[in-house]
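J.: Respectively, the protein sequence lines represent chains A and B. Going from the first sequence to my numbering is simple: count from 1 and add 3. Going from the second sequence to my numbering is simple: count from 1 and add 3.
Since the hints were made in silico from the structure, they are not lab data. Every residue gets a Cβ at the ideal spot worked out from N, C-alpha and C, and that includes glycine. Incorrect hints may appear among the rest.
Claimed, not checked - With a straight-line Cα cutoff of 20 Å, these simulated EDC-like cross-link-like pairs (lysine to aspartate or glutamate) come out:
1) B:K469 to B:E434
2) A:K324 to A:D187
3) A:K324 to B:E136
4) A:K175 to B:E304
5) B:K425 to B:E466
6) A:K586 to B:E136
7) B:K324 to A:E322
8) B:K175 to A:D252
What the hints assert, rightly or not - Residues of chain B clear of chain A, computed beta-carbon distances all greater than 10 Å:
9) G26
10) N221
11) M232
12) P234
13) N268
14) Y313
15) G562
Number of protein chains: 2
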Amino acid sequence: MPRADQERVTFQPMGRRADPQPGQSLLHLAQSAGVGIEAPCGGKGLCGKCRVRPEGAATPLTPAEKALLGSDAQEGLRLACQAALPQGGTVWVPPESRAQRQVILTSGPSGELELDPAVRAFELSVPPAQPPEPEAARERLQAALSQAAGNHLQAPPELPLGLLRALPGLLKQGGELQATLRHDREIVDLTPVGEGSPLGLAVDLGTTTVVAYLCDLNSGQLLAVSSEMNPQVPYGDDVISRMSLCAGDPQGLGRLSAAAVECVNALAMDACAQAGRDPGRILECVMVGNSAMHHIFLALEPASLAMAPYAPVVRGPVEVKARQAGLALSREAWLHWLPLKAGFVGADIVAVALAVGADQIEEPTLILDLGTNGEMVLAAGGRMLACSTAAGPALEGGHIGQGMRGAPGAVERASLELGAAKANLSVIGGEPAVGFCGSGLVSLISCLLNAGILLPGGGFDRERGKGLVRSGEHGLEFVAAPSGATGHGRDLVLTSKDVSEVQLAKAAIRAGAEVLMAEMGVERLERVLLAGAFGNYLDPGEAARIGLFPPVALERIQGVGNAAGVGAVMALLSDRQRRRAEKLARDMGYVELSGHNLFQELFVDSMPFPSDG
Amino acid sequence: MPRADQERVTFQPMGRRADPQPGQSLLHLAQSAGVGIEAPCGGKGLCGKCRVRPEGAATPLTPAEKALLGSDAQEGLRLACQAALPQGGTVWVPPESRAQRQVILTSGPSGELELDPAVRAFELSVPPAQPPEPEAARERLQAALSQAAGNHLQAPPELPLGLLRALPGLLKQGGELQATLRHDREIVDLTPVGEGSPLGLAVDLGTTTVVAYLCDLNSGQLLAVSSEMNPQVPYGDDVISRMSLCAGDPQGLGRLSAAAVECVNALAMDACAQAGRDPGRILECVMVGNSAMHHIFLALEPASLAMAPYAPVVRGPVEVKARQAGLALSREAWLHWLPLKAGFVGADIVAVALAVGADQIEEPTLILDLGTNGEMVLAAGGRMLACSTAAGPALEGGHIGQGMRGAPGAVERASLELGAAKANLSVIGGEPAVGFCGSGLVSLISCLLNAGILLPGGGFDRERGKGLVRSGEHGLEFVAAPSGATGHGRDLVLTSKDVSEVQLAKAAIRAGAEVLMAEMGVERLERVLLAGAFGNYLDPGEAARIGLFPPVALERIQGVGNAAGVGAVMALLSDRQRRRAEKLARDMGYVELSGHNLFQELFVDSMPFPSDG
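Required output: the full structure, derived from the provided sequences and hints.
T.: Below is the structure:
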């Protein structure tokens, strides 16, 4: 029943309205109204990121808010996941709390890729039925197609019922038609001639970002790229909080799955709109993503991924009709998910390994995928060993007091002139800064180490940082920008706790890399490849400065862009690459770091920053 | 908008009500209200069978009614397909116009059938995931199943998405489960152990009657048989009128298809209810039927079947997921349609040939399937030749003045005592007679020939038939029962025109058989097998007396029951029999009789009845 206007809640500046339900938090109400509010902890009252300013008769402050809001509570700020406005009112959502479109790296694959796709289109001339023993339409089509395909088909290709039903109508317009054959086994499309090439969609379903690549499967050409924030983000920033939503709410898995599926459908529409093509011509789809994204997308219960011994529901490639997974592509299109390696080494890492050719790398090379989890592969002499570190989201700005994702207002680079009274900040979008994203954090810490303001142990040198380092609520903190120069009117600070978070993350990654080296008997790295959007934004020198990975020559650290997306496109364009990915996933070794003794030891040893500049 | 009660039409004695739409005939209105009225011509005003008695302001008599109703018009009878009651009223539907449940032959297959079904169930113990490299659930299931199946699987069996989603839940209750494997390629069912055998459904979709056989696929046992009149009958009695409905009405095919699909679903439910089983355990379905029933069931445009050169849309076996065809069986069950031979030699004939082992018959044998069409196969020395005659529906009581199907009130057998003043009639259900069904017609004509009342040329001998033969509206007619002894209060008569219809039908069948003999070089038949329900009701001596087929020793004429159903069950229970059916359909020859010179000649020669008794 619609409420009287004064009983509704209006979210500003969006102007969206919604009817509050009994017991419903402002966060859930905002989600129901399509208003994106940052909630990295999944609305559990743990992260303090969903700050809003309600006007009206709000419910009383909760203990979580008292702990997390500090003095901001006096200014009328509340946590959207804790507060409610049962009688209606207005909620102001400040910029830093808004789930925004991010700056996403979506450069497509470059260079020549192998073209040998799962589907092939043939133009056929199907002869009419001839007395005295007139052959049936399907059988005439099958014969014409076998001939066109070179008569090497083992059996007549299958024709799905939907296409069989369309066949008489198609043949009425003369016998000329285009048939698309998949794996020499099944006809997946029938159209009049001249309907254009079959299209393919490769999708990298990241925890944070979803990127779709639209390709012409006749020419192998990349036609368009479309990307969007993963719509699951409002339900929780990391895979753990999303998996716990699935465990705790019977509708959780269905809701998260539907959100991802709809996102891929929207990206397919958008990419086709960019390229002036019809999404109904997409005849093949390849997807990659980490194991949690894979399970949730396919609506597979992810509980086993989160519990020892961390076994997935399925590890090898999954092939299903795309429509069964909810995708609105061509009716008979197939969806191929690249294989996983293990519970925490997903299809995205397999795709990265495929893209960089890890199975053929000779010199010891560390391939680091710095997404929301820190997964890596050590490749040497054709062998591969993978692990996943619970690095946490610090390098993406998570668990950092004023951390944020790579959105407008985020500090992405910092420099510090000797003796200067303030840091020079480079901010995404050129706006006043409102927080740090991962590359900005690494950059700032790297500068502070070089300036001696930050000590290898992680403490601030108050003397060296005079005028910039001060005592804060939780110990010493570095003021990167005063309130007058920020977008939210508060000082932008890097706290000791923030530094500790970065130390924990980089120590986990470095220790993981050293475990892989020890297991494979590699003494020294010859090369580091940084994959993922973050890998590309990161300055190699700064990453080395904070000790993110074992020592390597600076010029041998290389960003490889969205390698997972490139791997997905390779598998879309070539069946041979798809089989190679499967073999690569099987051949790759895997080290489980939880409970690994050497890892624990190396982790502690890796906590300090390197002392040499 | 619901109408006032006085504006509605009430069908009696059913008591069903409906709102008449502008221009809607009483026949269509009755169909919309679920009232079955006989309309063998499909409501075209040609057959005069849909007589009803409307009370209210009916539309004026049409020319078709004036021609077909004769004096009945004065008694207030109308044709439901011509008349309407736009202002509402009551419609009385007399018994002979009601589409009734028929007496259907549904004896199941007897004897030992080969058991080697497409699906096999295995009880498995799936081991839990073990560190340090825990295997995924699907892969553990696949390994356990491969081992149980004897390790001869070429590739790990596929697991459909629906079952993959159910797998974690099933494994939570310990690793014991039952997996059903199809063709060693796909897992089609997963349940806890103890859920019972997989079930199979074989369906014979006849033009008039649909029969479903429920089998246990572990034991091969026939659990239940269920049958029903084909719900397409109210749309037209024969395949031609149903195909023309598909051609003339854009919704026609969808409506006819849905009616057949719903009928099979209802039969599956009923058979399972009889056997105390769950329709969700039906994991495999085999269907047979003539080419028109096959196309319409699968919603394939049947137009090409009705036009030279009579090519089907598909000839070989069709395998689709049962749910795609609309069947509500187990979610992953497959439907297998046996192959057709040609446009007018359908999967039912292939099934009959399989059931009687036509591919191994040595002595010249004519296999006659006397359904709504007259299809036949001549088998000799392992060779087979088939044809279809446009025999028309006379032998099923169609196109006969007082003809009807084998329903209560139908004369099924007649005898004539020498010099008696009336015929002795045996009536289905023991009720007063209201019409003739096929076997009754053959029986009466045979008696009349023996008594010399009917002459070989088809004319009545008025002298010999004194007191029983009289002049009627359309020439001479034989009074089989006077009005006082019938169920509808009118004389039951066999007219000269009725005799001509039977002559046309039997001449077509006999000429077809002689063409096959000539083509195969067979001089004399050694055996005749009569398949189909009609074949079983028919008296072999009477059939021979009217010259339905070339001469053969009386004791070598044999009814083989519902052989099409038996063939369907054989293909359900055995994959080898399914492949045999495919080979048989390929190897069988086919003669197209339309435009065949010898056929025309033989047809004319076969019109007279044999003169010898």
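J.: Work down the list of hints and note, for each, if the structure agrees.
T.: Tested hints:
Proposed proximity of K469 of chain B and E434 of chain B is contradicted: the alpha carbons are some 27 Å apart, above 20 Å. At most 20 Å may separate the alpha-carbon atoms for a hinted pair to count; K324 of chain A and D187 of chain A meet this at roughly 16 Å. Distance restraint check for K324 of chain A and E136 of chain B: the Cα-Cα separation of roughly 30 Å exceeds the 20 Å cut-off, and the hinted pair is therefore not satisfied. Taking the CA atoms of K175 of chain A and E304 of chain B, the gap is near 12 Å; set against the 20 Å cutoff, the hint holds.
Distance hint between K425 of chain B and E466 of chain B is fulfilled; the C-alpha atoms sit about 15 Å from each other, no more than 20 Å. Taking the CA atoms of K586 of chain A and E136 of chain B, the gap is near 17 Å; set against the 20 Å cutoff, the hint holds. Annotation: proposed proximity of K324 of chain B to E322 of chain A holds, straight-line Cα distance about 16 Å (limit 20 Å). Taking the CA atoms of K175 of chain B and D252 of chain A, the gap is near 18 Å; set against the 20 Å cutoff, the hint holds.
Residue-level check passed: G26 of chain B sits 30 Å from the nearest beta carbon of chain A, beyond 10 Å. Listed as a non-interface residue, N221 of chain B keeps its Cβ farther than 10 Å from every Cβ of chain A; the least gap is roughly 28 Å. Every C-beta of chain A lies more than 10 Å from that of M232 of chain B, the closest at about 26 Å, which supports listing it as non-interface. The Cβ of P234 of chain B sits about 21 Å from the closest Cβ of chain A, beyond the 10 Å cut-off, so the non-interface label holds.
With 10 Å as the threshold on Cβ separation, the claim that N268 of chain B sits away from chain A holds: the shortest Cβ distance comes to roughly 17 Å. Look at Y313 of chain B: its CB is around 6 Å from the nearest CB on chain A, not clear of 10 Å, so calling it non-interface is violated. At the 10 Å boundary, the C-beta of G562 of chain B stays outside the reach of chain A, the nearest C-beta of that chain being 31 Å off.
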